[in-house]
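Visitor: Listed below, chain by chain, are the residues.
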Amino acid sequence: MEGEDKAPMAASTTYDIRQLVGRWVLEGASQVGRLTYFVIDTIRGLVEVRIWLPRMMEEAWNIGAGSLFIVLLISAFAGAVTALQTGYQFTGSIPYYVVGTLVVSSIILELGPVLTALILAGRIGARYAAELGTMRVTEQIDALESLGRSPSSHLVIPRVLAGLIMIPALTVLANLSGIVSGWISVKAVLPVTDADFIYGAQYYWRPWDAYYSVIKAFFFAGSITVISCYMGFNTQQGAEGVGKSTTTAVVTSSVLILVLDTVLTRLLLNQ
Amino acid sequence: MIELRDVHKRFGKQVVLNGVDFEVREGETVALMGPSGTGKSVLLKTIIGLIKPDQGTIIVDGKDVVHLKRAQLAELRSQIGYVFQNGALFDSMNVFENVRLGITDEDKYRDLDYCRDRIAECIRLVNLPADTIDKYPAQLSGGMRKRVGIARAIAGTPKYLLYDEPTSGLDPVNADIIDGLVERLDNELGVTSVMVTHDVRGAFRVADRLALLSEGKIVMQGTPQEFHDSPNAKVREFLERDFDNPSFAA
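As they're listed, the protein sequences go chains A and B.
Using my numbering, you'd call the opening residue of the first sequence number 1 and step up by one each time.
Using my numbering, you'd call the opening residue of the second sequence number 1001 and step up by one each time.
Warning: the hint list may mix true and false statements.
[What the hints assert, rightly or not] Calculated cross-link-like contacts (lysine-lysine; reagent style BS3-like; alpha-carbon spacing at most 30 Å):
id : chain 1 : residue 1 : chain 2 : residue 2
1  : B       : 1217      : B       : 1013
2  : A       : 244       : B       : 1013
3  : B       : 1052      : A       : 244
4  : B       : 1069      : B       : 1108
5  : B       : 1052      : B       : 1159
6  : B       : 1069      : B       : 1159
Because the hints were derived from the structure by calculation, they are not lab data.
Keep in mind it's a predicted model, so treat the numbers as computed, not measured.
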């Protein structure tokens, strides 16, 4: 009797799992389709320069001025910790100038762009998703459409382009802040001279590293802004929906930043 | 003219519109009534192309809304003023900028002098004080927000006006003010209007004709008198509460 009871249960569980996987696949495909349509719609709106340009300038100022302090602060701490740990690990085993090499490379290649992007995914991504989500549930986006105006050129393009300009710019400043902070910190705890640090920084320096840092920041900016605007645009079900799309925007863009980080490193550095 | 033929719409398993036939003639005001949740707002949104029906034909001003291209739809929308249930004002903009967005002709929108005059006129038409234009939506009462929403809808001198429950959530005094405003605007501007409402009193006061939407279909269309005299059970059920109300009879 027991065996007879278990067989239909197992079949039903398998059926449930298949149903669940099928639903995930369909939902995933539908999200990709909607995202593609959203991106195409955004690109189409680029022709309305008179609409998006002034709003983009305003948005760029908001991102830059609003995020500068936190970005510089966090990258300064990251630079300081990198320098101090390098000093701790390598004291006595390798020349001091290597600290300069490690601090500059770590900050420019990895910590500067990734930390800045993760901070801004929380700060800007959450703001964009919440703003657009609230506009969706309060019918403000519908109102814009009903007036014959394109929500893409009024709402999405200014935000995406402002992010694509300002996030790489903030990354460059974050890199500088991290390096300067690392330099100051390492001098405070190790007998490293300015000349040692500069020599180390220049020894393995390749101009491509700086381009690589900015290219990564550009891709991260795209993922933060597009994902957040998309999530906000597709918000449903009132205040709860706004909270859900904000969280999803931050989590998705943060994961995407880490995935892109790996892919871009493989594509641009390991050739 | 607005014409809907055999319009169907479902969201998931929920059938909202199940073969709606509906018509609004040039220059008339039609009140679309029905209990909450019967798809009145969905129907209104299909007219302006904000929601695409699963099946059926929607003709506005001789154009098939469902098959219009993006630019053509934007062009058609510039002739339609849509008043949203809660105003749907842009909360990052003041009243001036909100109403200005309703000026759909791009050249006029760029002309600041024209905008100032037109916005002042629209604000006056909806009986709001002139200093309202500097205020933000958060500084306005519910009734004022609805009136700014109406001002925005008429700013582009539309041929059609669609009102989505303009009196919902308002106290009777403010609801009467809005009904009076809708009536006056329709007379003064000579537009073709559809007003979605579940307020029977307001509908009888404002509309030339009424339509009752129930279970995804238009149960009846006719003049207020025809509705009043109708033996149809669904019509009677919907109207009875207000007919029994002494204030309605008055």
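Visitor: Could you run down the list of hints and mark each one as holding or not?
Guide: Comparing the hints with the structure gives:
1. B:1217 - B:1013: Since the Cα atoms of residue 1217 of chain B and residue 1013 of chain B sit roughly 17 Å apart, the hinted pair holds (cutoff 30 Å).
2. A:244 - B:1013: Roughly 23 Å between the alpha carbons, so the hint for residue 244 of chain A and residue 1013 of chain B holds.
3. B:1052 - A:244: holds (26 Å)
4. B:1069 - B:1108: holds (24 Å)
5. B:1052 - B:1159: holds (22 Å)
6. B:1069 - B:1159: This hinted pair holds, its Cα atoms lying about 20 Å apart.
Violated hints: none; the structure is consistent with every hint.
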